[in-house]
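Number of protein chains: 2
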Amino acid sequence: MDKLLALDFGGTKLTAGVIAVPDHRQQRDWHAYRRVFLPPDDHAHYEIRTMFSLAKELLDNQDPIAMGVSFGGPVDYLSGTVRLSHHVPGWENLPLCEMLEAEFHAPAQVDNDANVAAIGEHRYGAGKGYASLMYITISTGVGGGWILDGKPWRGVESMAGEIGHTVVDPKGPRCLCGKKGCLERLASGRYMAQDAQIILKEQPDEGGILRQLVGGHLDAISGEILSQAASQGEPLAWKILQRSAWALGTAIGNAANLINPQLFVLGGGVTKAGVRYWDVIRTTAEETSLPEVHFEILPAALGDDAPLWGAVALAEDLLERKSDKT
Amino acid sequence: MDKLLALDFGGTKLTAGVIAVPDHRQQRDWHAYRRVFLPPDDHAHYEIRTMFSLAKELLDNQDPIAMGVSFGGPVDYLSGTVRLSHHVPGWENLPLCEMLEAEFHAPAQVDNDANVAAIGEHRYGAGKGYASLMYITISTGVGGGWILDGKPWRGVESMAGEIGHTVVDPKGPRCLCGKKGCLERLASGRYMAQDAQIILKEQPDEGGILRQLVGGHLDAISGEILSQAASQGEPLAWKILQRSAWALGTAIGNAANLINPQLFVLGGGVTKAGVRYWDVIRTTAEETSLPEVHFEILPAALGDDAPLWGAVALAEDLLERKSDKT
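Residue numbers (this note's numbering), protein chains in the order written: chain F, 1224 to 1549; chain E, 1224 to 1549.
Treat the hints as calculated values from the structure; they're not laboratory data.
Hints may contain errors.
The list makes no distinction among identical chains, and a pair is therefore deemed to hold if it is satisfied within one copy or across any two copies.
What the hints assert, rightly or not - Simulated pairs of lysine to aspartate or glutamate, EDC-like, Cα-Cα distance not exceeding 16 Å: (1) Lys1462 x Glu1447; (2) Lys1403 x Glu1509; (3) Lys1394 x Glu1429; (4) Lys1424 x Asp1540; (5) Lys1394 x Glu1510.
Okay, chain F solo, but in the shape it has when bound (with noise of 0.2 Å):
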């Protein structure tokens, strides 16, 4: 039986699955599924070790005649080299695609999560049967990725899809990479977390629920509690959240203006702040298009496992482009 390896190096966690080819045409379902969560102190070289040896283990000690790779920041598409990680030490400029056939004698294909979890929602998720869409994943930070006509634009140095950083309120407060406004300073997590978490000390009265929710904990606020808040009816959550829905549906407005695709897919904790969330961004991403570009907003369909899903088409395409050749 031949297999197909897909591999997922997140923020937090590693998670590797195992396809058996071609009878994954007829039944979509994992051969083998891992996950792993990565201690605080993490390091690269920890990452690739504890990855390597869970493949293994679910490859059955097998080689894959194909990998496809999901990685959590910046890669040179075509090299296969990552370029760093924000949030685990040692990744800068090691050569994950070589490392990976050296060790399992497979081509292999690595991309940065958001355009590999672009397409998995394309292929096998909420854009199925859409020519061109921006995936947008909005949890702890935001990020993006587009498929137009069919095929991953990842831009000239593979860095686009970037709609994170795109300025939606240049007199907004400051984010970490400089800029003011930025749309992930409005409506990512762990921001928002971050501004409620001000309000909440600097006034003992508000919030209520809020502080129910963590149990008093102020650092336990997360994006995630503030759409569970929102949805009890907190109105300091609410006010935070319909910001964020605000900025995301500025930012997809302006971004069909300038590309016009047929569909926006959003993922990641944050959008599970219900139907009142959802409209926000609806309604403002409509008043910020134009009255002649038309698009849908669905959310993804494959959740977490979305890059894993896309992973596994990377390495679908690599065995097509070698079927091709001979």
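Given chain F, put chain E in place with the hints provided.
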């Protein structure tokens, strides 16, 4: 001698050019060329009649072997139907491509002026040798067109490139499109002139150089006049142009983060505002884009003829597709 016909339906003028093939590969020059200006009470049917007789004259009544057409307004690229003109009545849903093919017995390709100018600058102008670029024209309005990986990217409804209606300052002044702080509202010649006129009417001590340049006739102020005044040291004109350049730089930086092209080509009258203007654009664009995202910003090389040269490229591509089929 075989001939290609290139037509440009502009907002205030019609231009037609004839190219002799395959001579034009050696010497890129017009076999015949003419431009006529349109009356203010213009109508679509008058434009079409005028353009037809202009073309026939230039062609010496011989049919061309292919036609490329630039139209100053939204066009459905696949059918070659004009959606509307924002300047001239009667263009609504006119099947321009069909009408041309019936009149001149040759295949035609129609596209909107920003896309066609992008194609022209890419094949014959400042973008020669670049795989991916955005062309932006800053004159009466602000429009744009994409070349991605060597080919025009028009979007699923032929609406891509509308950078003029991306929001750069949501607290900015209101644009005719209904939104606040669109790039076009802040950077276009028409709106800058309007803003200058209002200030000059309210503040009789301001803008001496500007008043002199138009002999006191404030209605004669245009984007080009503002540029001229700024280069002569007029502070009011420079203040307005500076905001225009800031808005452009922000929109370019955002577009670079989203799509990661190699190059932005800027054309149109407003871009003649001099080194200071370009410096603000470049600095702001660099600040807005991520450190890993690199691009050049260059002035357009073909001037007002960019759409006409793009129309030549459209006609060339029609011939190539024809010879591929046979």
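Now the hints, each set against the structure:
Proximity of lysine 1462 and glutamate 1447 under a CA criterion of 16 Å is satisfied intra-copy only: 15 Å inside one chain copy versus 44 Å between copies. Taking CA atoms no more than 16 Å apart as the test, lysine 1403 paired with glutamate 1509 passes between copies only; the shortest distance there is 14 Å, against 24 Å inside one copy. For the identical chains of this complex, lysine 1394 and glutamate 1429 are neighbours neither inside a copy (25 Å) nor across copies (28 Å), given an alpha-carbon limit of 16 Å. In this assembly of identical chains, lysine 1424 and aspartate 1540 lie within 16 Å of each other by CA distance neither inside one copy nor across copies; the values are 51 Å within and 64 Å between.
Within a single copy, lysine 1394 and glutamate 1510 get their C-alpha atoms only as close as 20 Å, which misses the 16 Å cut-off; across copies the closest is 15 Å, which meets it.
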